[in-house]
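Asker: Residue numbers (the working numbering), protein chains in the order written: chain S, 1 to 194; chain B, 1 to 84.
Honestly, I wouldn't trust all of these hints.
[Claimed, not checked] With the C-beta cut set under 10 angstroms, the calculated list includes, among others, these residues of chain B facing chain S:
no., residue
1, Ala7
2, Arg35
3, Val68
4, Ala70
5, Ala72
6, Ala73
These aren't lab readings, by the way, just hints derived from the structure by calculation.
All residues carry an ideal CB built from backbone N, CA and C; glycine is no exception.
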Amino acid sequence: MTEDGSRQDSGTGDAVDRGAPRSRERRDTLLRTRLPAAARGAAPLASRRAAVANLYLLTLLSAVDGSLLLLAASGHLSTVGGAITVGLTIVAGAGAWIAAAQAFDGRPRSRRDHATLAALGAITVAATVASVAIGQRLGTAMTLHVLPKAAGVVLLLVAAEVAGWRLPRVARVPAPVWATGAAGILEVGVRWIP
Amino acid sequence: MDPLIGAAVAGAAAATSIVAAAFLPLRRLDGRILRLAGAASIAAMGLLAFGLPIPAPLPLALLLGGVVAAFAAPMLRPHAAQRP
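Whole structure, please, built from the sequences with the hints as guidance.
Answerer: Below you can see the structure in the form of structure tokens.
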């Protein structure tokens, strides 16, 4: 790089000019280090964080929207095959796999990525066990009439959302959550019928 | 089997599959087919929860079949796979 070129570059690249005077070789090395990174088109940090947040949301959604609770209350987690099926189709599923690929595929496998995945795994197991514990208590505390059937309705609504249908939301609450709440209210209401 | 143990098995299976998805080249597969297979598997679970007499392995078979189809589709459409 010529002397003129380095003077021009020092006007635009602040990082080159700050601090102690550097030799031309160090300035050139710094520019060569910076330019390929800028040209690589790496995803910005904000979008990667959003992808990881989306992965957490999709994975923990089944524990929040009540579908897992209802399946547990209906006894669908009493066999190994049933538990694995529920884990792969309901807790994880295509949405979570796509989100994981978007959040981590193509990125360096840093310690932070490993820690994020380890935390996600631990939280997934904990949330699943907690949701099933609540469902199990419901199932043993009372004879359920509405909730087992409501599990089917909730899962069909979840399937519609996964397929890309836009279901109506009330107060930003997804339709499956509303269905779970309505089923709970119906279950209580049925007990008042003589 | 105790449902809480079943929950731990379900959570561990889900976590393992998600970690595998993070490390596998899933960007090469057709996301639309995978999403539809996921929806079909969840719908099958819903029908199972209703009490309809459908085979118990059907939801998992639909999901895994969708994964295979999603991997195979780009290979069968080389022009689509080469588009930027």
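Asker: Going back to the hint list, which numbers does this structure go against?
Answerer: 3, 5 and 6
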